[in-house]
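There are 2 protein chains.
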Amino acid sequence: MEKLTSIHNQHVKNWKKLQTKKYRRQTGMYLLDGWHLVNEAVQSGVQILQLIGTSEQLAAHPDLNSLTDEVYEVTEEVMQHITDTVTPQGIAAVVPLPDAHKVPDMESLHGGWLFLDRVQDPGNVGTMVRTADAAGFAGVVVSHRSADIFSPKVIRSMQGSQFHLKLYEGDLAKWIEDFKTVNAPIYGTQLNPQAKSFRDAEPGKTFALIMGNEGQGMSDQLLSQTTANLYIPMRGQAESLNVAVSAGILMFQLNKNL
Amino acid sequence: MEKLTSIHNQHVKNWKKLQTKKYRRQTGMYLLDGWHLVNEAVQSGVQILQLIGTSEQLAAHPDLNSLTDEVYEVTEEVMQHITDTVTPQGIAAVVPLPDAHKVPDMESLHGGWLFLDRVQDPGNVGTMVRTADAAGFAGVVVSHRSADIFSPKVIRSMQGSQFHLKLYEGDLAKWIEDFKTVNAPIYGTQLNPQAKSFRDAEPGKTFALIMGNEGQGMSDQLLSQTTANLYIPMRGQAESLNVAVSAGILMFQLNKNL
Chain A
1 MEKLTSIHNQ HVKNWKKLQT KKYRRQTGMY LLDGWHLVNE AVQSGVQILQ LIGTSEQLAA
61 HPDLNSLTDE VYEVTEEVMQ HITDTVTPQG IAAVVPLPDA HKVPDMESLH GGWLFLDRVQ
121 DPGNVGTMVR TADAAGFAGV VVSHRSADIF SPKVIRSMQG SQFHLKLYEG DLAKWIEDFK
181 TVNAPIYGTQ LNPQAKSFRD AEPGKTFALI MGNEGQGMSD QLLSQTTANL YIPMRGQAES
241 LNVAVSAGIL MFQLNKNL
Chain B
1 MEKLTSIHNQ HVKNWKKLQT KKYRRQTGMY LLDGWHLVNE AVQSGVQILQ LIGTSEQLAA
61 HPDLNSLTDE VYEVTEEVMQ HITDTVTPQG IAAVVPLPDA HKVPDMESLH GGWLFLDRVQ
121 DPGNVGTMVR TADAAGFAGV VVSHRSADIF SPKVIRSMQG SQFHLKLYEG DLAKWIEDFK
181 TVNAPIYGTQ LNPQAKSFRD AEPGKTFALI MGNEGQGMSD QLLSQTTANL YIPMRGQAES
241 LNVAVSAGIL MFQLNKNL
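Chains as they are written, first to last, in my numbering: chain A, 1 to 258; chain B, 1 to 258.
Since the hints were derived computationally from the structure, they do not count as laboratory data. A couple of the hints might just be wrong.
Same chains, same label: a pair holds when it works inside one copy or across any pair of copies.
[Stated by the list, open to error] Listed next, the in silico DMTMM-like pairs over lysine to aspartate or glutamate satisfying Cα-Cα at most 20 Å (straight line): (1) K17 with D178; (2) K166 with E239; (3) K180 with E76; (4) K180 with E77; (5) K153 with E239; (6) K256 with E239.
In this text, all values refer to a predicted model and were calculated from it rather than measured experimentally.
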């Protein structure tokens, strides 16, 4: 076990750099901050590359040493520096970045799927992945020009749901085409005259739901590929719902037959 | 019209202080930032006490001058200072703080109501008020020790919904008692053996839904007062849903008969 006390140490600098998308891609690793996420990773059989803890946390949990050969004892100051958390729990782990660039295969074309089209806010993306997990969805595909799914804020909002379902980045147009080959409905979420109330949607065991960008909604290209558009009837004077709230309402309607 | 260019001007200092709960209470005023909120206030007949704009915005909308005698032209720097927004739209208004300390009356005991029990996050509180508006609820009552409903972050998340429904602070125990006198169901949201699936709830035109604190859920006292507890069946491995997402799923189920 190595003890690190300075934020200028090269290991510490590298962990800090994992906050950037570029360095995560270069190294193929990302950081999990806190007990909940580290435990979720361990329980899911994810390889722990490096374990980072304060002296108290490492002493209180001697079993952690068996997880990896690379254990680092750090100060609270170092922990704060690498996690960007005001009161970190004193435990973190570096784990492999999954290969998210998945091309759909037949095995994937089953179950409920959530497609995110250029959703910008990391909290929204993370919350929707967490909600998809709770709704029993099989997976989430995030389009290019969305918030990066392994950024610290998305990781925090997902609360470990990346270990429970399939999480990919990809070309949604291609995914939609493949879902169509198995006759699975693709539900868009743009309000237009042909849209039908979400209460009337009765999908089977395989379908996809597309949520669009916070300000602009879904792209026209994707919209032209949907089999139906769903809307949530608004009763008050509010003009719209938060995208993560809308996604929750829709997913817990569509999951009835999953 | 007065022109203000310094953040040390007394007016500017006072507007900045409206970001604190204490000063909002002292003065009985709060600040609306941006076109959407200012327009919502005007359309709702809310009195504009002071109008604050950059020279471009005031020049582009000469009709604004008729709204109030107190119009202030400020620099973009001043606007940024008072709104805490990186790229403010250049328009803001000071409006009266409604008297939110409402004791329930017979008129209020009608429609769908959302009760928030010590919800801490301003974004969650604001999003739930906005969702209640979209769901056609009559009002929202926020308990003491919740996020302040007129703080800048709550105002931003509400997106003007405070002008569309009744929004009060109050003693939820008292509100519940009064709803019981008209035999309206009070739905709690704590998972326990007696809880029933939200899909089986069929309220009439008057009911209340209680959402609890993000970490601790509802208080035991309120829980003992509910007529039923609702839960959202989780299908995946996620342990919980974001409180604002849960509230959205529940409100758009309960509003079917509103």
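Verification of the hints:
Taking the closest pair of Cα atoms, K17 and D178 never come within 20 Å of each other, the shortest separation being 37 Å inside a single copy and 56 Å across copies. Taking the shortest alpha-carbon separations for K166 and E239, only the inter-copy value of 17 Å comes in at or below 20 Å, while the best intra-copy value is 33 Å. For the identical chains of this complex, K180 and E76 are neighbours neither inside a copy (52 Å) nor across copies (51 Å), given an alpha-carbon limit of 20 Å. In this assembly of identical chains, K180 and E77 lie within 20 Å of each other by CA distance neither inside one copy nor across copies; the values are 52 Å within and 53 Å between.
For the homomeric pair K153 and E239, the shortest alpha-carbon distance between copies (19 Å) is at most 20 Å, but the shortest distance inside one copy (27 Å) is not. For the identical chains of this complex, K256 and E239 are inter-copy neighbours only, at 19 Å across copies versus 27 Å inside a copy, given an alpha-carbon limit of 20 Å.
Hint compliance for this structure: hints 1, 3, 4 are not met, and every other hint is.
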